Amino acid sequence: MSAHDTKVYVTDVEERLVHWILAASCLFCVLTGVGLMFHSWSIIPTLLGGYYATKLMHIYSGVVFAGMLVYSYYLWRKDCGFEESDLDWVLKAGGYLWPVKELPPVYKYNAGQKAFFWCLIVTGVVIVVTGLFMWLWNPASVPNVLARIMYMLHAGAVVVLAAFIMIHIYLGTAGNPGTVSAMITGYVTKAWCKTHCPRWYQEKFEKDAQA
Amino acid sequence: MAEYIKLIDVTKCTGCRGCQVACKQWNSLPAEKTIFSGSLQNPKDLTYNTWTLIRYDEVVKDGKLHWVMRHDACMHCDWPACAKACPSPGALVKTPEGAVVHNPQYCIGCKACIAACPFDIPRNNPELEKMAKCTLCYDRITEGKQPACVTACPTGCLTFGLKEDMLEKAHKRAEAVGGTIYPSNPKYETHVMYILPAGVSPKDLQHTNPNPSMPLSVLLWKNLFKPFTLIGMGAVIGGAFLHYLIKGPHEVHETKEGGE
Ligand code: SF4
Ligand code: SF4
Ligand code: SF4
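Protein sequence lines, in the order shown, are assigned to chains W and P.
Position in the first sequence (from 1) plus 1214 gives the number in our numbering.
Position in the second sequence (from 1) plus 52 gives the number in our numbering.
In case anyone wonders, no lab produced these hints; they're calculated from the structure.
Please read all numbers here as calculations on a predicted model, not as lab measurements.
Glycine included, each C-beta is placed from N, C-alpha and C at the ideal position.
Among the clues, some could well be false.
Claimed, not checked - Here are a few chain W residues that face chain P, going by a calculated C-beta distance under 10 Å:
#1 Met1348
#2 Phe1378
#3 His1410
Said to hold, decoys possible - Just the calculated beta-carbon pair ranges, DEER-fashion:
#4 P/Pro178 x W/Gly1263: 17 to 25 Å
#5 W/Gly1263 x P/Tyr296: 33 to 41 Å
#6 P/Ile283 x W/Asp1293: 27 to 35 Å
This is chain W alone, in the form it adopts within the complex (with noise of 0.2 Å):
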């Protein structure tokens, strides 16, 4: 084990830098989009050089997210994968809405944060297939009863994940104090892997511990 005694080495590079530059785009996109979708907000255009070039950042951030998005589901689908236990999690709404005796034991992500990530997957390919479209569609080859709907489902999707983003922020910063060295860093303390980890904790530094 490292240096740090009382700490843990939870996200790799790779995991830390993926997840960073999916955030940047996806916050980027979400800014410049609201940007562009409501007129009030005209300052977000105005800072970034006019209706035209937050058009292209969009687009562009969006190809970065696009990226990222097909990177993520590859670095975590395994992680993120259900399982049986996971139903009794959100049964009791993993604790976090009114008292619970005992929590089935999470492996490395809990039932919330899975559902974030299948969730982040749908809506995201949502968002960049409807996105692809409306940047690339042509006219005179796509009737528009049709490409009105890829408008539409591009900002359906947006509502779902937009406010999905801003839970994971709350519970990945001030809602569970200690969790967000493990994107910083990449570390954690212990006791916090033990609470928020305990079966991925016991098999993957116990045992080697042990050996």
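Fit chain P with the ligands to the supplied structure of chain W, relying on the hints for placement.
Same frame as chain W, but now just chain P with the ligands:
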């Protein structure tokens, strides 16, 4: 400000296409290379540089043949779906006169208006990334002139005037020829109207929308999803604050440290 209507009496159109040429001339739109397709209709469709054209249909109904020549251009909707969809302020503006005018200076080429329009009117210039369509000759009507196409029309098929006058005229004429007025959805009024000949319904003609309305997808997009993007995020932030105050953050069980 007075509202205007361009009335198109299809029963009077001879397909001379004077309007098509006048529109090009007034708006400095270049001619296009087209291919003869065996029809009077030429070019085949509206383009970035062709804001109006005569659509030609042969309709056989009850053993009777109708040659229908129809001046097709922007309908200048009273509640324009195109402007509702447009993200760039000033790019598509509904004027007090009723004209829906595009302003290329502000257009960012997002093609949202093209997707939204219930009449499939706006056209994209992929090189410039700008859309274009008929402006109801806004630069003429605000100077007291008639739209260029109306001025050019030799038969009286195209007329332009105050909304009330044109509505009255349309109903009288429709009655006189036994025809119908199109479009006729009172919930989606337009500043362009047609009198269709007796026996011809919009369903028989190409590029019409027999029951135009604000598309449902545009309504969901702009009236539901758009506000709920912010409402959703705001609600979560508010909820998070409350959660933090009432339930408090989820602390790690320090007691477990070293245990087990
Ligand atoms: S016909 Fe289409 S382009 Fe013209 S005003 Fe209506 S929605 Fe806009
Ligand atoms: S293409 Fe231009 S006019 Fe049409 S919605 Fe986009 S910015 Fe507005
Ligand atoms: S009103 Fe003006 S812009 Fe519109 S079709 Fe007629 S001439 Fe063209």
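In rising order, the numbers of the hints this structure does not comply with: none
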